[in-house]
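Residue numbers (this note's numbering), protein chains in the order written: chain A, 1 to 323; chain B, 324 to 734.
Wrong hints could be hidden among the right ones.
[Stated by the list, open to error] No farther apart than 25 Å at their CA atoms in a straight line, the calculated lysine to any residue pairs in the SDA-like style are these: (1) Lys-351/B x Gly-286/A; (2) Lys-96/A x Ser-350/B; (3) Lys-509/B x Thr-269/A; (4) Lys-154/A x Asn-94/A; (5) Lys-96/A x Lys-512/B; (6) Lys-343/B x Lys-590/B; (7) Lys-334/B x Leu-344/B; (8) Lys-285/A x Val-626/B; (9) Lys-312/A x Phe-523/B; (10) Lys-59/A x Lys-96/A; (11) Lys-312/A x Ile-473/B; (12) Lys-509/B x Lys-334/B; (13) Lys-312/A x Lys-59/A; (14) Lys-307/A x Ser-320/A; (15) Lys-590/B x Gly-569/B; (16) Lys-509/B x Pro-532/B; (17) Lys-306/A x Ala-484/B; (18) Lys-512/B x Ile-461/B; (19) Lys-509/B x Glu-187/A; (20) Lys-312/A x Lys-705/B; (21) Lys-307/A x Gly-569/B; (22) Lys-201/A x Leu-168/A; (23) Lys-306/A x Phe-523/B; (24) Lys-96/A x Phe-361/B; (25) Lys-705/B x Met-338/B; (26) Lys-250/A x Ile-144/A; (27) Lys-175/A x Ala-164/A; (28) Lys-96/A x Ala-353/B; (29) Lys-285/A x Ala-520/B.
By construction, these hints were calculated from the structure, which means they are not laboratory data.
The structure displayed is predicted, hence computed values, not measured ones.
What follows is the residue order along each chain.
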Amino acid sequence: MDNLSFFVQQMLIFFVPLVIVAIGGMFSEKSGVINIALEGIMIFGGYVGIVFIRAMQQKGYLADSPQLLLICGLIISGVSGLIFSLLHAFASINLKADQTISGVALNMLAPALVFFIARSATNTRQVFFNPVFMIRSVPWLGKIPILGPLFFQKAYLTTYIGIAIVLLSAFILRKTRLGLRLSACGEHPQAAESVGVNVQKMRWLGVGISGFLAGIGGLSFTIACAVSFNGTVAGYGFLALAVMIFGQWKPIRILWAALFFAVFKALSTTYSIFPFLVAWDIPNKGYIFNILPFVATMVALAFTSKKSRAPKAEGIPFDSGAR
Amino acid sequence: MENEQQPKPFKQFFMNFKLKLKTVLTSKAANTFYSVLFAIVLGLLVGLVILLFSNPRAAFPAFGKILLGFFGDPVSISVGIGNFLYYSTPLLLTGLAVGFAFKTGLFNIGASGQFMVAQYVAVLVAFATANLGPFNWIVALVAGILAGAIWGFFPGFFKAAFNINEVITSIMFNWIGMYLTTMLIKNNKVIFDQSRARTFVIPKTAFIPKLGLDKLFPNSSIDIGIFLAIGVAVIIYFVLNKTTFGFELKAVGHNRHASKYAGINEKRNIIIAMVISGALAGMAGGLQILAGGAGNVGNSILVIETLSPEGFNGIPVALLGLSHPIGIIFSAFFITFIQAGGNNAAAAVIPYEIVDIIIAVIIYCSAFSLLVRLYIANRLQKKRIEEEAKHLKTLNNAVSDTSVNKGDLNG
């Protein structure tokens with residue numbers, strides 16, 4: 001049981017940032033804008049959030065309520081990610097620029113900017129913080145047998161926020177006027193415009209949401225993985241992009257895709273606690289388990305990807321006169 | 324009378340030249356060049372502003388150093404030039420890999436993995452064929468290129484066979500390649516130097532030859548790699564623009580389904596395009612790891628579990644070069660140039676990252692190139708129409724003049 005709960009905790013560390021950022025990317029692409037800048041936005045949002053948390057911790061504010069501090073940090077991260085993503089929105093929506101180019105530029109800009117600021121300010125690339133955000137046991141829920149140790153002990157607040165984001169976005173996308181309009185702008189923007197939807201506004205909204213969620217994802221990656229921010233999110237932005245495609249641009253499927261990937265990823269760090277895996281006699285076990293999540297994803301994709309459900313108009317600047 | 328009306332030969336030549344210059348300056352290619360230039364100037368300006376905000380006293384000297392590029396090399400200009408050519412080699416080839424894929428409608432974000440796999444295979448073969456003497460480096464380099472090609476095959480194959488977006492496969496195979504090569508290197512006692520966590524230096528016969536270039540640019544790292552890279556870029560240019568094969572590749576890139584109806588085997592073309600792209604990234608890896616470097620001390624693969632940045636650096640190079648093979652040569656040179664400048668400026672208390680910021684802003688601005696191009700084209704067209712109207716007017720006047728003259732004569 002202990003082993004299993006340790007496995008789940010590890011798995012959630014990989015799962016949460018992936019699913020949050022993938023959902024973010026989905027909102028952008030659903031509105032018709034390819035957002036390859038997720039990695040950069042994560043870095044920028046994560047950095048600003050960590051700098052904020054560090055400053056608060058040094059001053060001693062909110063020292064006795066770390067979860068409140070984390071929520072403030074997440075909001076700050078989200079807002080700064082949103083602001084950063086506006087650069088992408090401006091280029092790709094108003095200036096009708098090539099969306100891949102502007103995304104690549106932001107991916108370059110974010111780490112460069114972060115390192116530049118960090119070095120100018122403190123002469124080092126790292127920003128340390130006090131990792132106090134783990135919840136030992138959620139009140140009430142942590143005491144439930146079986147489920148408690150698995151999901152409500154040694155947990156991070158971001159896990160529940162992540163799940164909430166998935167459910168909320170599934171609801172918004174399928175059941176609300178806003179979500180349907182947003183999707184329409186990614187499928188056939190001219191048709192959407194003809195019935196009175198403001199395509200530009202919807203796309204700004206899509207990119208903005210993706211920026212906000214990627215910023216949150218950047219911080220939730222950092223607080224669960226390390227004690228310092230090193231100006232990188234280890235390629236999670238790109239992995240989230242892959243998870244989004246794997247999940248066929250649908251929130252619930254993205255949840256399963258992220259879970260699938262995270263389970264295999266967690267095996268690489270925790271296989272030594274499972275007796276049957278330890279007993280399994282293959283050479284280079286560590287590396288095999290490192291490679292496994294990527295190979296498994298490819299195999300799963302090969303079986304499921306025949307019918308791609310990418311938004312039809314993604315990547316194409318909106319031209320109201322086009323047919 | 325007649326002599327006076329005929330323009331003098333010199334004047335004629337001058338006018339012809341002016342006309343030609345005008346057509347060149349207003350051509351589509353020149354228009355593209357202006358838009359890139361606009362992006363570069365804007366990027367540099369943003370860099371200067373950031374420098375002024377962060378460190379006003381050091382801003383201008385540092386900015387000057389960045390602009391000087393390799394001319395500001397602390398040792399000597401010849402070392403600067405030699406190293407500049409050396410460092411632009413892998414950048415040129417990864418840029419070409421990404422740019423070639425762009426031209427065929429594919430986004431090869433997997434140059435990083437192809438690069439790493441190629442490096443591993445090149446080192447492996449360099450040790451295995453050490454007895455081949457002068458052919459050692461050729462065999463190792465070709466092996467590296469093939470390895471890159473194989474790693475490029477997968478994204479193409481998965482796209483052609485299973486309709487999986489090449490971006491996702493490329494990303495997955497970056498990681499697979501990284502973990503796989505790390506594992507294989509660490510397991511190989513012949514090539515892995517455990518005490519330094521890197522591979523041993525390859526046999527000297529496997530070094531890329533310098534052919535006296537090290538005498539021309541003493542103490543620099545230069546070898547013939549840069550000429551091989553430029554040669555490959557020119558070949559790619561011809562393949563893409565002058566052959567049926569290249570036309571087919573581009574056609575598939577423009578519209579996969581239309582090409583299929585036109586009788587092009589679009590699946591085969593997607594795979595071939597990715598294989599070539601991977602081979603180019605592989606060549607970048609091979610040339611880099613097989614280089615002797617300054618003083619012929621040799622390179623080695625540092626075994627750290629991160630994706631190699633070189634592959635990703637090819638993306639901005641390709642974008643700035645507008646995916647045009649010849650443009651990519653210049654964009655690789657330009658980016659290496661200001662990177663060299665940035666390195667020199669970093670010695671003067673300015674964080675090196677300022678150059679990355681400048682490059683990023685340049686790429687960002689080049690995304691608007693379409694807008695700038697449209698603007699320039701619009702203005703040019705307006706001007707042309709005005710001129711034509713003017714020309715028409717003078718012609719009309721001339722016609723009416725002659726008619727008047729004729730009338731005079733008749734009368």
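Do the hints match the structure? See the list:
Under the criterion of a C-alpha separation no larger than 25 Å, the hint pairing Lys-351/B with Gly-286/A is inconsistent with the structure, at around 55 Å. Distance restraint check for Lys-96/A and Ser-350/B: the Cα-Cα separation of roughly 23 Å lies within the 25 Å cut-off, and the hinted pair is therefore satisfied. The suggested pairing of Lys-509/B with Thr-269/A holds, with an alpha-carbon distance near 19 Å, which does not exceed 25 Å. Restraint check for Lys-154/A and Asn-94/A: the C-alpha separation of about 45 Å exceeds 25 Å, so the hint is violated.
Annotation: proposed proximity of Lys-96/A to Lys-512/B is violated, straight-line Cα distance about 54 Å (limit 25 Å). Distance hint between Lys-343/B and Lys-590/B is unfulfilled; the C-alpha atoms sit about 44 Å from each other, more than 25 Å. For a cut-off of 25 Å, the pair hint linking Lys-334/B to Leu-344/B stands: about 15 Å separates their Cα positions. Only pairs whose Cα atoms come within 25 Å are accepted, and Lys-285/A paired with Val-626/B is accepted, the gap being roughly 18 Å.
Pair hint Lys-312/A plus Phe-523/B does not hold up; C-alpha atoms about 50 Å apart against a cutoff of 25 Å. Restraint check for Lys-59/A and Lys-96/A: not satisfied, since their Cα atoms lie roughly 45 Å apart, outside the 25 Å limit. About 31 Å separates the Cα atoms of Lys-312/A and Ile-473/B, which puts this hinted pair outside 25 Å; it is violated. Among the hinted pairs, Lys-509/B with Lys-334/B is inconsistent with the structure: their alpha-carbon atoms are about 73 Å apart, more than 25 Å.
With a C-alpha separation of about 50 Å, the suggested pairing of Lys-312/A with Lys-59/A is violated against the 25 Å cut-off. Taking the CA atoms of Lys-307/A and Ser-320/A, the gap is about 29 Å. The hint is violated against a cut of 25 Å. A distance of roughly 15 Å separates the Cα atoms of Lys-590/B and Gly-569/B; the hinted pair therefore holds under the 25 Å criterion. Distance hint between Lys-509/B and Pro-532/B is unfulfilled; the C-alpha atoms sit about 28 Å from each other, more than 25 Å.
A distance of roughly 9 Å separates the Cα atoms of Lys-306/A and Ala-484/B; the hinted pair therefore holds under the 25 Å criterion. Under the criterion of a C-alpha separation no larger than 25 Å, the hint pairing Lys-512/B with Ile-461/B is consistent with the structure, at around 24 Å. Simply put, Lys-509/B and Glu-187/A have alpha-carbon atoms about 49 Å apart, too far for the 25 Å limit, and the pair is violated. Simply put, Lys-312/A and Lys-705/B have alpha-carbon atoms about 36 Å apart, too far for the 25 Å limit, and the pair is violated.
Taking the CA atoms of Lys-307/A and Gly-569/B, the gap is near 29 Å; set against the 25 Å cutoff, the hint is violated. Restraint check for Lys-201/A and Leu-168/A: the C-alpha separation of about 21 Å stays at or below 25 Å, so the hint holds. Of the supplied pair hints, the one linking Lys-306/A and Phe-523/B is violated, its CA atoms being roughly 45 Å apart against a limit of 25 Å. Between Lys-96/A and Phe-361/B, the direct Cα distance comes to roughly 17 Å. Compliance with the 25 Å bound is thereby established for this hinted pair.
Of the pairs offered as hints, the one joining Lys-705/B and Met-338/B holds, with about 22 Å between alpha carbons and a cut-off of 25 Å not exceeded. Annotation: proposed proximity of Lys-250/A to Ile-144/A is violated, straight-line Cα distance about 32 Å (limit 25 Å). Of the supplied pair hints, the one linking Lys-175/A and Ala-164/A holds, its CA atoms being roughly 16 Å apart against a limit of 25 Å. The hinted pair formed by Lys-96/A and Ala-353/B meets the criterion: a straight-line CA distance of about 22 Å does not exceed 25 Å.
Distance check on the hinted pair: Lys-285/A and Ala-520/B sit about 20 Å apart at the alpha-carbon level, within 25 Å; holds.
The structure fails to meet hints 1, 4, 5, 6, 9, 10, 11, 12, 13, 14, 16, 19, 20, 21, 23, 26 from the earlier list, while all remaining hints are met.
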